[in-house]
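Protein chains in written order, with this note's numbering: chain A, 471 to 732; chain B, 35 to 299.
Keep in mind that the hints were calculated from the coordinates and are not lab data. Glycine included, each C-beta is placed from N, C-alpha and C at the ideal position. Certain hints may be false.
Claimed, not checked - 27 Å max Cα-Cα, derived BS3-like pairs, lysine-lysine:
1) A:Lys585 / A:Lys493
2) B:Lys62 / A:Lys585
3) A:Lys585 / A:Lys612
4) B:Lys62 / A:Lys612
To be verified - Per label pair, the in silico range of CB-to-CB distance:
5) A:Pro658 / B:Asp149: 53 to 63 Å
6) B:Phe50 / A:Asp523: 52 to 62 Å
7) B:Gly121 / A:Leu498: 30 to 40 Å
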Amino acid sequence: MFGRMVDFHTHISDPDPEPSEEKLSAALRLARRHGIARIVLVGNLTMMSSDHDPSPELIASINTYTLRTIARHPEVYIGFCYLNPANPAGFTQDEIERCVVRGGMRGIKLWISVKATDSRLDPILASAEALDIPILHHAWYKQTAFSYNESTPAEIAELARRFPHVNIVMAHLAGVGVRGVLDIADTPNVLVDTSGGQPEAGLVEYAVKRLGAGRVVFGSDWPVRDFGAQVGRILGADLDPDEVASILGGNAARILRLERCG
Amino acid sequence: MDRIVDTSVFCGYWPFRALPLRTPGELKLHLARRGVTRAWVSPAEAILYPDPMEANEPLFTAIAGDDFFLPVGMINVTLATWRRDAGDCLVRWGCRALKLAPNYHQYELASACVDELVELASEAGAPVCIQLRMMDERAHHPLMKVPGVSAADIAALAARHRGARFLACGAYQTDLNALREAPNVWVEISFVESGQALRSAVEVVGWQRLVFGSHSPFFYFEAAAAKLDVDPSDIPPEQLEAIRNSNASALLGTHDDRPHRTCGA
Chain A
471 MFGRMVDFHT HISDPDPEPS EEKLSAALRL ARRHGIARIV LVGNLTMMSS DHDPSPELIA
531 SINTYTLRTI ARHPEVYIGF CYLNPANPAG FTQDEIERCV VRGGMRGIKL WISVKATDSR
591 LDPILASAEA LDIPILHHAW YKQTAFSYNE STPAEIAELA RRFPHVNIVM AHLAGVGVRG
651 VLDIADTPNV LVDTSGGQPE AGLVEYAVKR LGAGRVVFGS DWPVRDFGAQ VGRILGADLD
711 PDEVASILGG NAARILRLER CG
Chain B
35 MDRIVDTSVF CGYWPFRALP LRTPGELKLH LARRGVTRAW VSPAEAILYP DPMEANEPLF
95 TAIAGDDFFL PVGMINVTLA TWRRDAGDCL VRWGCRALKL APNYHQYELA SACVDELVEL
155 ASEAGAPVCI QLRMMDERAH HPLMKVPGVS AADIAALAAR HRGARFLACG AYQTDLNALR
215 EAPNVWVEIS FVESGQALRS AVEVVGWQRL VFGSHSPFFY FEAAAAKLDV DPSDIPPEQL
275 EAIRNSNASA LLGTHDDRPH RTCGA
């Protein structure tokens with residue numbers, strides 16, 4: 471009804487560094503039930519959560535898991551290269567070469583290792599610009615304690631102004647809220663994914679009103695969240711079918727340079 | 035379209051953001067179009083008004099005679115008049131359940147007046163709904179941070195009143211473990227979420243104690259409804275039907291959940 475759906479933000483929870491077909495099949499079954507055709511995998515959550523300042527060895531292990539997953543199901547999975555900007559710059563560039571240039575990953579995932587304003591992100595963003603791939607960056611505004619070096623949307627906007635030619639997808643619309651949307655309103659190279667927090671009615675419409683439907687992308691943050699409930703946020707929003715189609719797949723297809731998702 | 039009983043609905047205004055669907059008519063149209071045949075409704079303003087009856091009464095007046103809505107009176111047990119308020123809700127306004135918001139109204143579930151209210155509700159055959167939270171704590175207004183109600187405290191309250199029935203509203207998936215061994219506590223699913231939200235919830239508390247709740251209009255109804263869209267191999271259709279509909283009747287203590295008003299507006 472709305473074209474091929476792309477989930478821009480998923481993990482997998484697996485204590486095993488080798489992806490099991492049972493786990494992958496279970497994830498695909500759940501995604502397909504809710505109409506999701508393509509899935510961006512940004513890293514094995516079990517391994518990611520084990521260390522907020524991951525070593526090169528852990529980073530490499532997480533990315534190898536993603537590479538093996540996209541090799542098993544290239545028709546569904548799209549890999550993102552998870553990086554820690556605090557790691558040696560040489561390693562990080564080698565990892566981009568291994569995962570993106572040679573491995574076929576289509577984006578870079580940055581979480582909470584360092585703030586988005588940290589200058590150690592600069593060579594990573596420069597590589598993203600050269601390769602024409604997007605960054606998915608964690609962000610949140612919290613009235614509870616922040617986790618490690620979590621970035622705020624204002625910090626994402628600052629990063630985006632330094633690299634205006636890189637598409638940065640700020641994660642967690644329902645985590646950054648209205649203030650977060652306003653923070654990125656004037657940085658057109660920042661999009662927001664719809665995951666995070668609870669399904670607050672009206673928030674997706676608000677993001678579309680302030681940013682335009684072309685800057686909102688569907689992301690579930692599965693398996694922290696439920697595929698169906700996350701799709702429900704979009705289908706429950708009072709939007710035009712064209713806007714819904716853009717959010718559920720069109721925008722992701724554009725910035726990931728996928729084959730036409732129609 | 036499947037018949038849905040929505041056990042967690044609010045109506046009215048909320049000071050921290052503009053809620054859609056502010057009138058009972060708008061809310062009914064919205065929910066009915068999505069398959070809801072019965073909505074357990076409380077006034078949103080009762081969370082913060084100094085006297086919740088100033089919110090209960092206008093809402094219950096507006097929905098009087100409309101069986102689509104099941105009125106759930108919000109009671110603040112710290113007020114001197116709470117016994118009269120609870121009695122008015124049950125008798126005058128035909129409430130089939132009462133609702134508490136201990137964190138917003140600032141009392142402990144271990145307090146004696148809560149025990150007294152539970153006994154009063156039980157004598158009337160009404161379940162007690164306990165609102166654990168109204169919104170994600172991370173997104174609260176910076177000047178009003180309200181911690182969630184402890185699910186363990188709900189379980190302890192339920193253990194003291196084995197003959198009473200409770201509904202935990204706004205529970206997270208992580209709250210469910212504390213309610214696993216509380217056979218007289220039902221759970222609505224609006225805040226419950228994980229990679230397989232409904233199946234995980236069934237695994238913890240069992241399908242018999244789960245009921246549908248959307249937390250409308252705070253949340254998109256479709257987010258909760260989609261949790262019911264599961265493969266039959268994960269949850270059999272008859273269990274799904276119970277969660278969607280008939281478990282709410284069991285929570286009310288009747289197979290017929292139509293109202294028995296003694297007095298209208």
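Practice task
Would you pick out the hints that fail for this structure and give their numbers low to high?
Solution key: 1, 2, 4, 6, 7
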